[in-house]
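As they're listed, the protein sequences go chains A and B. Be aware that the first sequence starts at 1, since it is given in our numbering, and climbs by one per residue. Be aware that the second sequence starts at 1, since it is given in our numbering, and climbs by one per residue.
There's no promise every hint is true.
[Claimed, not checked] Okay, derived cross-link-like pairs now, BS3-like style, lysine-lysine, Cα gap no bigger than 27 Å in a straight line:
#, chain 1, residue 1, chain 2, residue 2
1, B, K59, B, K29
2, B, K3, A, K46
3, B, K117, A, K29
4, B, K127, B, K149
5, A, K25, B, K29
6, A, K25, B, K57
7, A, K75, B, K44
8, B, K108, B, K73
9, B, K59, A, K46
10, B, K108, B, K143
11, B, K57, B, K149
12, A, K75, B, K149
13, A, K97, B, K127
14, A, K75, B, K73
15, B, K3, B, K73
16, B, K127, B, K117
17, B, K117, A, K102
18, B, K59, A, K75
19, A, K75, B, K117
20, B, K127, A, K102
21, B, K3, A, K75
22, B, K29, A, K75
23, B, K117, A, K25
24, A, K32, B, K117
25, B, K108, B, K57
26, B, K2, B, K149
27, B, K3, B, K149
Keep in mind that the hints were calculated from the coordinates and are not lab data.
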Amino acid sequence: MSFCLETYLQESDDYEILLSRAGFKDCAKIIKERATEVLYINPGDKVLGVRIIGIPPIPVGVNNDKGTIIVSYTKPCHGTAAIELPVDVEEIENIRKIAIDK
Amino acid sequence: MKKALILLGCPESPSQTPMAVYASHKLSKMEYDVTMASTPAATKLLEVSDPENYYIKNKIDIESCLDGLEQDKYDLLVGFVHKDAAASYFITFYHILQCESIAIVFEKDADLLEEFKSMVAENTDAKIVAVRAFHNPTPLRVKFDRVLKDLV
Chain A
1 MSFCLETYLQ ESDDYEILLS RAGFKDCAKI IKERATEVLY INPGDKVLGV RIIGIPPIPV
61 GVNNDKGTII VSYTKPCHGT AAIELPVDVE EIENIRKIAI DK
Chain B
1 MKKALILLGC PESPSQTPMA VYASHKLSKM EYDVTMASTP AATKLLEVSD PENYYIKNKI
61 DIESCLDGLE QDKYDLLVGF VHKDAAASYF ITFYHILQCE SIAIVFEKDA DLLEEFKSMV
121 AENTDAKIVA VRAFHNPTPL RVKFDRVLKD LV
C-alpha cells in the first residue's frame, strides 16, 4: 500500500509541526529556512499521496542528514501548516522526479 | 453541456452560502452542469439552504474532488476566496484544471482583501470579482452578474 500523509499524521507522532494555522507564504518561508535543500513543485503535485496546495513554485524542504522532508499542508478552515516528517530515500527521489525549476 | 465547478472555502463567512446557491442557479440557467465542491461543514449549510436540491444538483467533498481533478475536467471554475487557504485552494484548482475561471474575492478588512486579490491576480488569469463584504452578499452578486455577461 502506498504512503498516505493524511493517515500518517493521524497515526504517528514522530513528525514536527514547525508552523500551524498560518498563511501559505509564512510556511513557504520557514520551509526554506529550515531545510538544507529545497525542491520546488507545481500546485496539485502529489507528495506522500497528497496533492500539495499552494502558490507556485511550492517549496518542499529536504534534510538529507535527518532523512526528513518539510511540506506545507493546507486545510480550508485551518490554514496552512509546515510539517517536518521522516521519509524513505525513495520518496525524496519521487519528489526530485516532479521537481521544477524555480 | 458545459461543466462548471464551484469551489467553496471555509463556511464561516456569511456571504458564501447564499452566493453559492445564487451562482449555481445563474450558471444552471446558462446551461452549465454545475458541481459544488465543499467541506463537510459548508455542504451542511448548502443542504439546509436547498433541501430539495432545486438549485444545487451535484455536490462533492472538496478533498475527493481535488484528488480526482485533472485538466479539462471542467470548463469553468468559480471559487470563493475569503481566506489565505481559500486563495491557495483556488490557485491550485486553477493550475490543475487550466480552464476559464472566476475568483469571488471578499473580506471585510481592506488590506486582507487586497492581499487575496493580489495572490489570485499574480498566479492565475482568472477574472476577479473583489468586494469588501462580509454579511451583505449584494455587492458580490452585482459584480458577479457583470462578469457572467462576459462568459456568454
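Those earlier numbered hints the structure runs against, lowest number first: 5, 6, 8, 12, 13, 22 and 25
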